[in-house]
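In case you want the letters, here they are:
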Amino acid sequence: MNTKLVSLLLIAATLAGCSKKEASDGPYYAGKRIEIIIPTSVGGGTDRFARLLGDGLHKFVPGNPVVVPRQMTGGGGILAGNWVVEQAPKDGTVLLAGTGQGTLRQILGQKSVRARAADFEELVAIPVARTVTIGPGKGVTNRTDVRKLRNGQPLHTALLDPIAGITFVLQFEMLGIPLKVIPGYHGGRDRDLAMFRGEIDIIQQVTTTFAASTKPLLDRGAVLLWNDGFVAPNGDIVRDEGMPDVPTFNEVYTEAYGEPPSGQLWELYRATLPLVGNAAKVLLLPVGAPREAKEALMEGIKAMIADPEFMARILRESEGHAPIYGEELEAILAEARNLSPDKIEFLRNFIGERFEVEFE
Amino acid sequence: MLDAAISALGILLSPQHFGYLLAGTAVGLIIGILPGLGGMVGLALLMPLTYGLDPVSGIAMLIGLTSVTTVADTYTSVLMGVPGSAASQATVMDGYPMAQRGEGARALSASFLASMFGGLIGALVLTVTLPFAVPMVLALGTPELLMLTFLALGMVAVLSGQNPYLGMLSAVSGLAIGTIGSAPSSGTFRFTFGTDYLLDGVTLTSLAMGLFAIPEMIAVLSRGGAIAEERAEIGRGWLQGIRDVLSHKLLVFRHALIGALIGFLPGLGNSIIDWVNYGIVVKTAKDKSQFGRGDIRGVIAPESATNAKEGGALIPTLMFGIPGSGSMALLLAAMVIMGVEPGPTLIVSHMDLVFVVVWSIAIANIIGTAVAFSLSGPITKLAFMPFSKVMPILLLLISLGSFQSSQHMGDLAVLLLFGVVGWVMRRTGIPRAPLLIGFVLSGLIEQYLWQVMSRYGFEWLQRPGVIVIGTLAVAAVGLSIYSKSRTKPRPETGTGQESVGGVGR
Numbered sequence: 049m050n051t052k053l054v055s056l057l058l059i060a061a062t063l064a065g066c067s068k069k070e071a072s073d074g075p076y077y078a079g080k081r082i083e084i085i086i087p088t089s090v091g092g093g094t095d096r097f098a099r100l101l102g103d104g105l106h107k108f109v110p111g112n113p114v115v116v117p118r119q120m121t122g123g124g125g126i127l128a129g130n131w132v133v134e135q136a137p138k139d140g141t142v143l144l145a146g147t148g149q150g151t152l153r154q155i156l157g158q159k160s161v162r163a164r165a166a167d168f169e170e171l172v173a174i175p176v177a178r179t180v181t182i183g184p185g186k187g188v189t190n191r192t193d194v195r196k197l198r199n200g201q202p203l204h205t206a207l208l209d210p211i212a213g214i215t216f217v218l219q220f221e222m223l224g225i226p227l228k229v230i231p232g233y234h235g236g237r238d239r240d241l242a243m244f245r246g247e248i249d250i251i252q253q254v255t256t257t258f259a260a261s262t263k264p265l266l267d268r269g270a271v272l273l274w275n276d277g278f279v280a281p282n283g284d285i286v287r288d289e290g291m292p293d294v295p296t297f298n299e300v301y302t303e304a305y306g307e308p309p310s311g312q313l314w315e316l317y318r319a320t321l322p323l324v325g326n327a328a329k330v331l332l333l334p335v336g337a338p339r340e341a342k343e344a345l346m347e348g349i350k351a352m353i354a355d356p357e358f359m360a361r362i363l364r365e366s367e368g369h370a371p372i373y374g375e376e377l378e379a380i381l382a383e384a385r386n387l388s389p390d391k392i393e394f395l396r397n398f399i400g401e402r403f404e405v406e407f408e
Numbered sequence: 015m016l017d018a019a020i021s022a023l024g025i026l027l028s029p030q031h032f033g034y035l036l037a038g039t040a041v042g043l044i045i046g047i048l049p050g051l052g053g054m055v056g057l058a059l060l061m062p063l064t065y066g067l068d069p070v071s072g073i074a075m076l077i078g079l080t081s082v083t084t085v086a087d088t089y090t091s092v093l094m095g096v097p098g099s100a101a102s103q104a105t106v107m108d109g110y111p112m113a114q115r116g117e118g119a120r121a122l123s124a125s126f127l128a129s130m131f132g133g134l135i136g137a138l139v140l141t142v143t144l145p146f147a148v149p150m151v152l153a154l155g156t157p158e159l160l161m162l163t164f165l166a167l168g169m170v171a172v173l174s175g176q177n178p179y180l181g182m183l184s185a186v187s188g189l190a191i192g193t194i195g196s197a198p199s200s201g202t203f204r205f206t207f208g209t210d211y212l213l214d215g216v217t218l219t220s221l222a223m224g225l226f227a228i229p230e231m232i233a234v235l236s237r238g239g240a241i242a243e244e245r246a247e248i249g250r251g252w253l254q255g256i257r258d259v260l261s262h263k264l265l266v267f268r269h270a271l272i273g274a275l276i277g278f279l280p281g282l283g284n285s286i287i288d289w290v291n292y293g294i295v296v297k298t299a300k301d302k303s304q305f306g307r308g309d310i311r312g313v314i315a316p317e318s319a320t321n322a323k324e325g326g327a328l329i330p331t332l333m334f335g336i337p338g339s340g341s342m343a344l345l346l347a348a349m350v351i352m353g354v355e356p357g358p359t360l361i362v363s364h365m366d367l368v369f370v371v372v373w374s375i376a377i378a379n380i381i382g383t384a385v386a387f388s389l390s391g392p393i394t395k396l397a398f399m400p401f402s403k404v405m406p407i408l409l410l411l412i413s414l415g416s417f418q419s420s421q422h423m424g425d426l427a428v429l430l431l432f433g434v435v436g437w438v439m440r441r442t443g444i445p446r447a448p449l450l451i452g453f454v455l456s457g458l459i460e461q462y463l464w465q466v467m468s469r470y471g472f473e474w475l476q477r478p479g480v481i482v483i484g485t486l487a488v489a490a491v492g493l494s495i496y497s498k499s500r501t502k503p504r505p506e507t508g509t510g511q512e513s514v515g516g517v518g519r
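Same order as they appear, the protein sequences are chains A and B.
With this note's numbering applied, the first sequence corresponds to residues 49 to 408, in that order.
With this note's numbering applied, the second sequence corresponds to residues 15 to 519, in that order.
Since the hints were derived computationally from the structure, they do not count as laboratory data.
Ideal Cβ placement from N, Cα and C applies to all residues, glycine included.
Careful, some of the hints might be misleading.
Non-contacting residues of chain A with respect to chain B, defined by C-beta distances greater than 10 Å in every case (computed) [unchecked claim]:
id, residue
1, P110
2, G185
3, G290
4, W314
5, E315
6, E340
7, A341
8, L387
Derived Cβ-Cβ restraints for the label pairs, each shown as a range [said to hold, decoys possible]:
id, chain 1, residue 1, chain 2, residue 2, range
9, B, A18, A, T257, 16 to 22 Å
10, B, M15, A, F394, 51 to 57 Å
11, B, M423, A, P292, 52 to 58 Å
12, B, L152, A, A166, 45 to 51 Å
13, A, K138, B, M467, 46 to 52 Å
14, A, E357, B, A18, 32 to 38 Å
Residues from chain A that face chain B, not an exhaustive set, calculated with beta carbons under 7 Å [what the hints assert, rightly or not]:
id, residue
15, I230
16, P231
17, G232
Full structure from sequences and hints, please.
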């Protein structure tokens, strides 16, 4: 009798405990903490984007997890990617604020990059448009003048990173205009000033710094040649809706040379543009997290995009470029993520021969 | 430009920024009062605090500090005959005799007011040069900047000590130490000896505090706990001192301009500025009989000049990113830490920050002077505090500040190592400022050299600007080596302070 009572009580207690646990367990992220690893220094574009999305995740992911942005700079972002893949817990509590060029490094297998593109799932991406501007010293007054530069003297340029500037490098290869990279520029302002002084002739810039960087150059006689634009879901390259009057590279090429660009370089251009353009800033979830984690995160992302107030904040930060996620993002990145081995090999050789970048 | 000036004032006067300005000013006053410790030590102490600070707060704090150390260093010079920092040695000549005959207050008030006007005129000089800054910055390309860095380095090396060869040795060592870590252009690692710590190179904060703060502390301590055996009372004459300055307006103005000019020229640091101005005022005075016995002009002239020099020294620092002295090198480094790159791009795109600097100098000078006047009683007590009681706190702050920079034990090792190196250099008369400036300029010179060679090849040497600056550099260095080899070193000042030639500021 006594033992029966005790065991009944025990069973009741266990059941009560279970049901209680189930109730508090509700959302996957309740009481959890998400760390967003930021591979760049405080205040840059990637950092601001990561902090903004972090705030959104805290507000909109069910369970309102605490979100902590954490800087892990070094090695041009390589160290952060390696750490997330090799050491971070794979339960959805560590995310990486990635970049398109970071993904491209992984696809190409740059030396000391141990993370692979397949180690991550893209959650949400924010596009970045890039423009190319030529200084007044080269006799280019309108866009089609670029054909005068074909096979001429090399144009001096400041290229901080040939992987991030992959579209720029490919564009000039297709145009047949030689480039000479002047080393040692730290950042945007450094390069702008070198343009002012005529020490470099041509630069690629992001449109988020248009007012501060590009506009003053144009006021001094520089010419905005093109805006890379973006790849549309149907595969076409379309103009940046933020600069509807500025043609894309392929439009300028077609106008100047009388035929659209084609061939191996053009295919690589089309494959890499979505990475450094459409998905230039991308929030990554390391593969291996439970299903519930990804679902909760996606729910939060959809909710923050649906929230007019929060969406306005994102658009302010991104110069009006709407974030992309889900199937649309997958479709746009499909070509880059499935680059054939011979194309990868071609691109590795192409970059390796021209710049000081080593591959595994 | 006016917009930038007004908006900068608005930004600076917001409670947070103003608070940092006040904090910097307060630390500057204290550091100035403590004998032997100058703006250099103060900057090294506060620099670690700038990590993560917004640029306006940080700049306000550091400029506030450098602007007032030369106001406050007068206390001990006048009352005890011990210079509060290297910049007020000449003030002792007439200030101390005045205190001994009971006119300490007159000497102090004249010196505070002269300092304040000097500082304001220095800020004005900086402002007046700003409209020419943008065209100048655009006209000088990388080749000219490279040559300018050589000029600055050469002049600092040659002028800051008694022996030009030792100065050059020091500067070249600085350049060499600066090459440790990753190369600016290719990213290869150099001289890391297999340690992680050296991948990013030697930390500037630890290096600077080791070189300057630690040897200074050892020196003050080794003089014995009681700094002054004899001390004079403050005495009378507060109002008389103010009247003195007002009746010598032209003198203040003239020496402030000279001070700003000396500040502008790289290499002519604190260790000479007060003596140059003292020499000029004595030479140009009609009645020379009272100099050295308590002539108020002997206080006014050097004090106007030493404070005006900050405005002048900031011109090359802000416009070209080339520091002309040790303290400017530290200021430059701190600005980089806060994400502001001093140099041509700052002028072109961040005029508001430049005006934050200008306003900070002006406001700090006014506040510093007001505090110096109103709190002279309690402040004087600070000057008589045994240094053995101050030293442990300073040492703790220095170690913390050093460790803060990269939070690696290597920081403390660097601090200790360069503390020993700095002490040896101080004892042997090898100037330390050239080493620091060489260290700061090392990366810049390498970057410019890479850019110039890959852009122009050897043609860069044929550019007219490069030839002019290069000729200046060779002439300045050659001339000073020639003249130094013919004249004997300046005799000891007899102030109880060790020769500070080469200490920088």
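Cross-check of the supplied hints:
1. At roughly 33 Å from the closest C-beta of chain B, the C-beta of P110 of chain A stays outside 10 Å, upholding its exclusion from the interface.
2. G185 of chain A, annotated as away from the interface, keeps every beta carbon of chain B farther than 10 Å; the closest lies near 13 Å.
3. Once the 10 Å rule is applied to beta carbons, G290 of chain A is consistent with being away from chain B; the minimum gap is 22 Å.
4. For W314 of chain A, the non-interface assignment is confirmed: its Cβ lies about 30 Å from the closest Cβ of chain B, beyond the 10 Å cut-off.
5. Once the 10 Å rule is applied to beta carbons, E315 of chain A is consistent with being away from chain B; the minimum gap is 31 Å.
6. The claim that E340 of chain A is not at the interface with chain B holds, since no C-beta of that chain comes within 10 Å of its own (minimum 36 Å).
7. The claim that A341 of chain A lies off the interface holds: its Cβ sits roughly 32 Å from the closest Cβ of chain B, which is beyond the 10 Å cut-off.
8. The Cβ of L387 of chain A lies farther than 10 Å from every Cβ of chain B, with a closest approach of about 26 Å, so its non-interface assignment holds.
9. A C-beta distance of roughly 20 Å is found between A18 of chain B and T257 of chain A, which places it inside the suggested range of 16 to 22 Å.
10. Roughly 53 Å separates the CB atoms of M15 of chain B and F394 of chain A, a value that falls within the hinted 51 to 57 Å.
11. For M423 of chain B and P292 of chain A, the Cβ-Cβ distance of about 57 Å falls inside the hinted range of 52 to 58 Å, so the restraint holds.
12. Under the hint 45 to 51 Å, the C-beta atoms of L152 of chain B and A166 of chain A, about 49 Å apart, fit the expected range.
13. For the pair K138 of chain A and M467 of chain B, the supplied restraint of 46 to 52 Å holds, since their beta-carbon distance comes to about 48 Å.
14. Separation of E357 of chain A from A18 of chain B is about 33 Å and conforms to the stated range, judged on CB atoms against 32 to 38 Å.
15. Among the interface hints, the one on I230 of chain A holds; its C-beta lies about 5 Å from the nearest C-beta in chain B, closer than the 7 Å criterion.
16. Because the beta carbon of P231 of chain A sits about 4 Å from the nearest beta carbon in chain B, less than 7 Å, this interface hint is met.
17. Look at G232 of chain A: its Cβ gets to within about 4 Å of chain B, closer than 7 Å, so that hint holds up.
Figure legend: structure checked against the earlier numbered hints; every hint is met.
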